[in-house]
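Could you put together the complete structure from these sequences and hints?
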Amino acid sequence: MSQVPRKEHHAAHHFDDAVQERDAALLGMWLFIGQELLFFGGLAVLYIVMRLQHPGAFVEGSGHLSWKLGGLNTAFLVVSSMTLGLAIRSAKRDEAGKIVPFLGATFLLALSFLVVKGFEYSEKIHHGLVPGKWFSAIGADPSLHVFFGMYFATTGLHALHVLIGMGLLVWLMLRARRGHFHSGYQTPLDLVNLYWHTVELIWIFLFPALYLVS
Amino acid sequence: MSHHPDPNASYLESPAGFWPWLKSWLFTLDHKRIGILYFLGIVFSFGLGGFFAMVIRIELLRPHGLMLTHTQYNQVFTLHGAVMVFLFIIPSIPATIGNFVLPLLLGAKDVAFPRLNLLSFYIYLLGAVLAIFSLFSGAVDTGWTFYTPYSTQTGTAVISMTLAAFVLGFSSILTGINFIVTIHKLRAPGMGWFRIPLFAWATYATSIIQILATPVLAITLVLLILERTLGLGIFDPALGGDPVLFQHFFWFYSHPAVYIMILPAMGVMSEIITTHAQKDIFGYRFVAFSSIAIAVISFLVWGHHMYVSGQSLYANMIFSVLTLLVAIPSAIKVFNWVATLYGGHIHWRVPFLYAMGFIFLFLIGGFTGIILALLSLDVHLHDTYFIVAHFHYVMVGGTVMAFVGALHHWWPKMFGRMYSENWARVAFVLVFLGFNLTFFVQFILGSKGMPRRYHNYLDQFQPLHAFSTFGSWVLGLGFIVMTVYLIHSAFRGKKAPANPWESRTLEWQTASPPTTGNFEGTPTVTGGPYDYPRAGAAAGRNGRPE
Amino acid sequence: MESVKTQSLKYYFAVAASILVLVAAALAVHATMKGPVASALTLGLAGLQAVVVVLFSMGLRKEKGFNRLIFVASLMFLGFFIILTLADVLTRGDVAKDEEFNFSIKSPVKPLTGSNHTIDGHPPRHEGRAP
Amino acid sequence: MAPPLVTNESLMHLGDLWFPTLAEKAMGGVDLLYWGIFWVSVGLGAAIFGVAVYLGMKYRRGSAAARPESEHQGMAMEVAWTVIPLVLVLSVFVWSFLDHLRSVVPPADAYEVRVLGKKWFWQFEYPQAGVTAINDLVVPVNRNIKLNMSSEDVIHSFFLPNFRRKKDVLPNRTTSLWFHADREGKYQIFCAEYCGDGHSVMLGNLLVVSQEAFDQYLAKASATSDEPLPQLGKKLYQSKACFTCHTVDGSAGTGPSLLGLYGKKRRFADGSSLDADENYLRESLLVPAARVVQGFQPVMPTYQGLLKEREITAMIEYLKGLK
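Residue numbers (my numbering), protein chains in the order written: chain Z, 1 to 214; chain A, 215 to 760; chain G, 761 to 891; chain D, 892 to 1214.
Straight-line alpha carbon distances no greater than 20 Å define the calculated SDA-like cross-link-like pairs of lysine to any residue that follow:
1. 68(Z) x 789(G)
2. 399(A) x 19(Z)
3. 68(Z) x 801(G)
4. 92(Z) x 177(Z)
5. 1111(D) x 1027(D)
6. 1199(D) x 1019(D)
7. 92(Z) x 775(G)
Derived list of chain A stretches under chain D, where covered just means 3 residues or more per stretch with a C-beta under 8 Å from a C-beta of chain D:
8. 365-379
9. 448-460
10. 485-499
11. 524-535
12. 556-568
13. 571-581
14. 670-677
Think of the hints as simulated: they come from the structure by calculation, not from any bench.
Backbone N, C-alpha and C fix where the C-beta goes; we use that ideal spot for every residue, glycine too.
Given below as structure tokens:
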């Protein structure tokens, strides 16, 4: 592996020291996660109410989803979370050469997630299981389209978060190559790590809520 | 950033030349300059919303309208509401006064994340541009509440306006995160939690709501846009959705949002009253914790907007009780402010006049709030002018009075200039009088049964409507007078001393206007924020030495 | 600068493996059971996975007290949202049926009884028509 | 079928400056609670603000009033002004909740009328009599009336100010509202939930009449009218609320004007055109969405089932005469 130059970090002028800066950044990120929880929490409320009002549609709709593909995607996200954690571990141990490969692995797993998602979407679109106005499938339950409305809204917003996470991973890789991360400084890695786990966390609930209804 | 200002020069000083000057403002990371940028945006929005308000009032001079069609009237009242709520009141005190004053109050050099701060300003700007774009692309006519299924059916520009509100929500969330971290991490040495000025406590409580309630608005608006474009079938009954569920979603944000509007105003009151009464606050901890209590309870009361919506009777009962509970911390604040006056040295300057005006109007807003929290009364008064009058008493009588009071209180600090005390008194009288003339009659109109959002109305209501319209002209005149003398002051006003009100809080212990670095060295705090000298030993007081 | 203390590689593998085992358990439940109990179980297993992620991957186990508070408070407000919304959705339309049981309140207006009852001196000729 | 039943002015006009006349004595608790809170608020508010002004004047800067040397913590006061308001608001809650329960739980023997909210009129149906009316709800005095309401398009809200009652009218769901009129007269019905362009003209009248007059009304309404057709059409233009959207003076409203409509070439949103003949007029009444005139929205509700055959003919004859 090529030698990565080490670049020291200096705290911004309005902080007393690097510890205060790091604490502030982490506190900000936790607040942001609180915000994310309420954002997807809205979808959770919607899910609960819609499932109470259209129980049949959820059972039938879930039957149209492949638990194999969903399970595969869960595995992708869980492993990607692990590789991201390993990237931070490498930074902390000053193993600069390993940071980019671990970040790259995380990126590829996220990409695989989206590819699988894309296959699922195209299959649903092919069968006319798209929300509302273009819904053309004939289901046993008259409100089957409500399930697929929810499916596309929730997984779509989640996929958007995955996409944003991939952008952040690219940003981290660029910085890691320039030697920004080492035992003295990993704050951006930690922040993206928290974000990525939040994305994982949401999927952990989406998977049984949509794919495993019976 | 290209411009590296001298930390010991006034923050208003810019490099020579137009482009360097413009660049130094547009790319500034200084919280004070960002506060001023927000101030300009917010004043513009207030002007726009105020213009719509005037159009509404003039249109209502006659029972069958004067110059607008039904659609145009509906668009005008929607735009008035949306602009005033999303572009003006929600960011008004936190983003302008908060940005400018909060780090100074805490003895900090800046907010925790200056770049995020600038970003949230540009997000605000983007939201404002979207809102104004929607104005020209078939202005939305749903009312600012975007109730389904009307909002999924109407032919007007719902999507661009909801997108604007969505974007503005992000600006609000980022500001909230920034402020909480600032209060936690950047207080001056010696400033323990109970030495924080009360405005910072109020901002803290506001930020909690901004962070935890706004995302629900975001998801609601995303779902509304998806419902309108794709037809998800969740809010639109024609597709099997539940329109009452939309109201739950909408009010889960929009009721706490009312407290995003009023809590900072309450914080401003605590600062103005202690400073101009030269007196420690009565019951510091009660005032501080009542802010947090209001923030928490505000999440539990949204259902009082839905007593007649088809919400179940059980939910009505629960929401009614919870709503009444929120009256208690609000009352605690008012009682403590009044008790603070006891034994003070009160100087009736303009900011104090606004504080007294606030107490008067907030009392009326609060008492009518109790009437509306009660089930049997709200059923009659819901969706009538009584509601309109009530929330204008809280939002205009509360928040706008506090915003204008804060402006007069911190004006010398912000611009380093004094304004004309006499003209300011004239403007206060006009605003206070005009406001009451405009809105008090609307309580009567509502009790009599006049529904809101009516373009045409029964002839019998005309005298009261006309009275209200005349009042609005007095109110408008008050704001025009204020604009004139404040603009005059900003350029020609007398130079302000560092601490014209002899306040004890930290922002007055630095130059007026403050230096770019805020303080020379880091201030150290050794006492509470309002340790004014007691009793007769009052002569010749200055602020604490630096 | 010397290295910061880090977890062993095993720690990361164990976290990921335990989550995957829980996912497999949920799939097993889905394959073998039907009905609301199965749904509750799979969602419960998801909750366990979430606990692992939050405590070990995100490190909330060792976080500062206030950061923990933020997380818990967010969940609490989400709980309020769910509970109060369900308070409406689950009880719509029940009240008229159960009024006596729940509030021991009866409508104050006495129902019309018997044929001798008159309205404004007119016999109630439409009794048969009224539902 | 214009109701000759009640001639006096709307009872909205009566009552004091502040409230419309109360038409149901059992709802008196609502008004009493309102005035109770009103006067207590005036008293408390005046006291609080009065104390603030008094203290502000007494301790104004430079006044000779003695200032206390040390600050009281005032725990007793804090507790007092927390607990007393709490007790006050909880007791008014109990009052209001009991009143609310009485006003929303319908009695079992109520006479039921079906209400349909549409953009932008109210349709009332008497299921037993087979009578349908628009914007005029006729009910017998001293009788419990229950309205089962739903909407055909967006959310409306049925508001009876004289009865202190209001309930939203939702699409895809039935909500109900009941009342009991103590005295005959004409009362106002408002739509209180914003529903679009015609929101403020979506008005109705509640006509409370004697049982006898009510019976006559139903009997007459179910019989076929023998009025001359154009005259009947003109009446229907009013009573079926056509005027909400269509003018007869040539100016465009929410829908196109009806003046000079018959025989003219109509251009439609889909690009086609047609001469407005009798069958076009019939179709426009019964299936309004079939052809939408260029420049207008497809918002008109159908009148299928609302007009008898003779009434449709009358409507067409009336339109022919509008030149």
